[in-house]
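Q: Protein chains in written order, with the numbering used here: chain A, 1 to 313; chain B, 314 to 603; chain C, 604 to 1279.
It is worth saying that the hints were derived from the structure and are not from the lab. Do not take every clue at face value.
[Unchecked claim] Cross-link-like lysine to any residue pairs, in silico, SDA-like; alpha carbons within 20 Å at most:
{"hint": "1", "chain 1": "C", "residue 1": "Lys691", "chain 2": "A", "residue 2": "Arg229"}
{"hint": "2", "chain 1": "C", "residue 1": "Lys1243", "chain 2": "C", "residue 2": "Ile1218"}
{"hint": "3", "chain 1": "C", "residue 1": "Lys777", "chain 2": "C", "residue 2": "Ala728"}
{"hint": "4", "chain 1": "C", "residue 1": "Lys691", "chain 2": "C", "residue 2": "Gln726"}
{"hint": "5", "chain 1": "C", "residue 1": "Lys691", "chain 2": "A", "residue 2": "Val213"}
{"hint": "6", "chain 1": "C", "residue 1": "Lys691", "chain 2": "A", "residue 2": "Leu224"}
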Amino acid sequence: MSALILRRVALLGLILLAVSLLTFAIVNVLPGNVAHAILGETATAEEIRAVEQRLGLDRPLVERYLGWVGAMLRGDFGTSLAFNQPVAPVLLARLWNSAILAALVLAVAVPLSLAVGVACAVFQGSLLDRALSAFAVVAFALPEFVIGLALILAFSIWWPILPGSSLIGPGENPLAQPEALVLPITVLVLHQLAHLSQITRASMIGVLDSNYVRTAELKGLPRLTVIVRHALRNALLPTVAEVGMHFGYVLGGLVVVETLFSYAGIGQLMVMSVSHRDVPTLQATVLVVAAAYGVGNLLADVVSMRLNPRLRS
Amino acid sequence: MPVAGNGAAPIAARKARSGWARVVRSLLGGAFPVGVLLLLAFGPSVAPGAPTTFDPANILQEPSLAFLFGTDEFGRDVFSRVLWGARPTLFLALACAGLGVLLGAPTGLAAGYFGGRIDEMLMRTMDVLMSFPALILAMLIVVMLGASTINVILAIGVVFWPRSARLIRSVTQDIARREFVDAARARGEPVVYILGREILPNIIGILIVDFTLRVAAAILLTASLSYLGIGVKPPTPAWGLMVKEGQQFLQIAPWLVIFPCLAIAVVSIGTVLTGDRLRRAIAIPDGRGR
Amino acid sequence: MSAQAPVLTVDGLTVRYGRGEGSLRAVHDVSFAIGPGEAYGLIGESGSGKSTIAFAVVNHIRGGRAEGGRILLGDRDLLQLPRAELEKVRGRQVAMVYQDPHSALNPAIAVGEQIAEAIRQHQGANRREAAARAVELLGRVHLPEPGHIARRYPHQLSGGQQQRVVIAMALACKPDLLIMDEPTTGLDVTTEAVILDLIAELRRSLGVAILFISHNLGVVARVCDRVGVLYAGELMEQGATADILRRPRNPYTRGLLNAIPRRTDKRQRLVSLPGGLPDLSQAITGCVFAPRCALARDRCRDEAPALARLEGGHLSRCHFPTETEALPVAAPQRAGDDAVPDGSGAPVLRLDGLRKTFTQSGGVWPFAQRRVSAAVDSVSLEIGAGETLAIVGESGSGKSTLAKCVVGLLAPSEGHVELDGGRIGLTAQSRARGVRRALQIVFQNPEASLNPSHRVEEILARPLRLYDLCAAAEIAPRVSELLAAVKLGERFIDRYPRQLSGGEKQRVCIARAFAASPRLVVCDEPTSALDISVQAALLNELIDLQRQHGTSYLFISHDLGVVRYISNRVAVMYLGRVVETGPTEEVFAPPHHPYTEALLSALPTIEDEPERARIRLEGTMPDPANPPRGCPFHTRCPRKLGAICETEAPPEQHLSANHTLHCHIAPADLARMQAR
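Generate the whole structure from the sequences, applying the supplied hints.
A: Here it is in structure tokens:
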């Protein structure tokens, strides 16, 4: 098992390497020119040359890639064009804010999804099940900004009980204003709940239909024991793997939600760097997000290995 | 709503209808696709005005009989803009989903049927593409290629590629394991025949479902991109863009945001439901679960 | 029958699946009783409702409900008990063992704990006591090192070990009634024998009553005192096991018995039952079996027969129970020449030193040492024109791998294949069209052998087109001809596979193989997924086709009864190697290889044969990646001589011109040991 985890960590290293290559390639090799992207389409040839020189874009690709990765490994994430300061501290402060948001979302969404999914599976076909399934379709089909705007209209404009924007700056502690977190978290939780609960439901229904659950029932165990001890544990396996994949949706959702609620996280930073044509910041942010995604997947894998006796032995 | 019948489903009834009849029925059963087609065909012609006509006399009008969905800060009729926005929104989503499935299906078929090294190579490449959150990869590609409709299609197509490939691969593996494929190989059928005549007909239903669900996902992604200001460019009445532009007037003119949001919601939910219906229709005929 | 009050009384049970139109009446008005310590068998083919009854007895019918009747356990009706009461009965008074032990055990919980929790639940034992009891029970079902096994997870145990765990779990609270639903189906015949012995032993020592459900008459005969025969949800006949097997009084039972291939001459056709199960979603008037019954007359079609009481407590649901005995035991002989090919002519197919190895990765790291295992090892065989060579062996013996090598689905790692004296390519791709045409295959699972999106016409026409066997205009008539040859009518031409029954599908597969006018057809367990009565018809047709076309068969099967009936010669495989080969009757009679002896001894049979020596194989087949030195069978051989078996490969010994076996024991000694 520990060998398996080690192997999985090694794999993460490889994936991060590939991700850095791909990020670099998208930014530097795709037909769009970096200097063009920075300066916009009206730039003159001289301006472009000046920017290329300043950013070292005239050097060979391999050298630039190695230089970029090497600097990243040393903690030098480059210099932001928009803020005219190193990217690393800006990124770190915002990463913390985003991490808090993401952690809170997962802490609420995962247990809630499990509970809802299990309830739907156990009472399959009931009114509760149908209502929640219908809700899941709706919540999953709506983009985050639509849910978010609906919540803002409802709870901060028509019935103003919650702030419609967080206005948390970089370096501020988001936990200091918990009321400002309620709406952003709700948006992301609704979205996660929609999908994760349905996955839990499907896998739980499959497990409840299995022969070993039948064995447990025919042993004369009480229903609750059968559901918790025999069914839930096996139903968790696919769900946990899915939580890892879904971490990607959370990260994508952060971009939208942070922009919508003016919350200073990496998602907002990414959008800002896009609108300011700040390529070094964008490049670094994307890589950090991909790394976070990789780590999230790794954690999910480790948890599912722990749950699965086939892999544990 | 729950799918009736496990092994004990009436055999006679199952025999009567072929798989395709179910698919067609379930497609027609939903009024949604018909509505969407009508909207696409006639939306702009029933729209009271052009989506880009400025009307300085009527800025930020509340919804009324004259302006069903109200007007924006330039006096443009929101109802017209929403109707005109249907085409770009849907065509864009169809193109993104189409490209994704077009890239993903051959990749998945090859990986699933050949297995071994080919599978390893293809799927590890897909893993790398999968290791970016969807929205972020799309964003990065569009920013670097430059914002244009074609580039949005390319970017989202690439985002869907590994997701489609994975699904088609697992279905292909499942089919390729069955003995009728072995029988074809033993007869000495060429690979093209095996992939095209033995395997493809059995996964086409899943391809259709996958495509439908990708369309729904593409509506979400493109809307989010244009909301972030990264997708198609301003004069186009894309719904996501309308929401972004209207958001600053949320306090005084919420209709600028509400109606495009509703449009997105209706189309997106409708597509997801259509995909769901299709999935149920297709999952049953074979008579074997997994 | 015992005079004591019965443990279980099933009274007028009727079960229906689904509601309204299209619902199925799976069980109709079934009544029987089981006395204390008695073993009662329920026999039936698929769709007979036997498993439904098993689950109805514990009031646990998924997707269906009991519409009428009572299930009396002692004097309590389980169908009326509230859930809480039912939980106290299940596991304590009634316990259940069913097919496929792998899926019956929870993959995430250690097996000892799975037993212990039932003990804690019903007997109020604390953790330590319950765990100790669980270990004791595991020992009771003869699992080696029970303390160690208790801490293992299901996936770490073999199929036979898993089924022992399930039995131990069922016995945990000393139930009055044990329900066993096909407890040995899916296990190898050698494992099956050991499990059946265990069941018999436990029954003797614990005095538990057993409701034993199976499709296999031989298995039921070995376990049960009394038998009930089910057809289409109705109890057709009931009586003492010996009576039912020797003097059946119901035409259906007679038909079932006739369909079992026995040690008869291949020239004798098997009697098969025409037609299939009635549609249970429709109301049935008259006798459920009338449409397939040779005795049926107007009264049978109009009036449903009641259970007629015959002497000795024998019951039969038939208007004319006494006439059953007049039914023929076997069908008429085959016409035509009686010459049985002896394989003496030039062989059609020759396998020379065939070896097929597979490599598995050796661990989690990419450069770990790879493990090489030989699924087939130095196999040399010949098959003559018109001859049937059967390959038998347990699962994992390499028989299917061998079949795939012959048709080129797998490339042998060593050795070569000859067709009509000429070497042929190792993979189908590398073989000439004529060679691929000459070697055809019929697979085990008819469900997966036909492409669900192709019509029968397309399936049968494909080989004709691929091999250019006839002009475009002749394809349609040829397809009809092929269908007729496997007794399917024109109306099947436009059907999709999902519109065919299992037997019909397998017929299409056979027709597809014969469409190519092959020299040899590999039949990989062609009837093992089918009911006995369907199997009989299919075997008849395979033999007819062989006689018509002079085709050779390489017939792979785990069913020794079928093999004995259909084959001219047999090759017995163990761990990838052929340990014995020879003419069928010689291999089936001693002296034979100790492994063959064990296989035959394990075979459940209904024939009047003198008691065979009870040879039981313990343990499982060794890991082919790490085969034993010396004789591959020495780890399980009941006749092992000693050190020589562990160190030296056994020599090839010739018992007759074409009967050879690989063993250190001299044939004369084997003959002495195996003499009854």
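Q: Each hint should be assessed against the structure and marked as holding or not.
A: How the hints compare with the structure:
The suggested pairing of C/Lys691 with A/Arg229 holds, with an alpha-carbon distance near 19 Å, which does not exceed 20 Å. Under the criterion of a C-alpha separation no larger than 20 Å, the hint pairing C/Lys1243 with C/Ile1218 is consistent with the structure, at around 13 Å. Annotation: proposed proximity of C/Lys777 to C/Ala728 holds, straight-line Cα distance about 14 Å (limit 20 Å). A distance of roughly 10 Å separates the Cα atoms of C/Lys691 and C/Gln726; the hinted pair therefore holds under the 20 Å criterion.
Among the hinted pairs, C/Lys691 with A/Val213 is consistent with the structure: their alpha-carbon atoms are about 17 Å apart, no more than 20 Å. For the given pair, C/Lys691 sits about 15 Å from A/Leu224 by alpha-carbon distance, which is consistent with the 20 Å threshold.
In this structure, none of the earlier numbered hints is contradicted; all agree with it.
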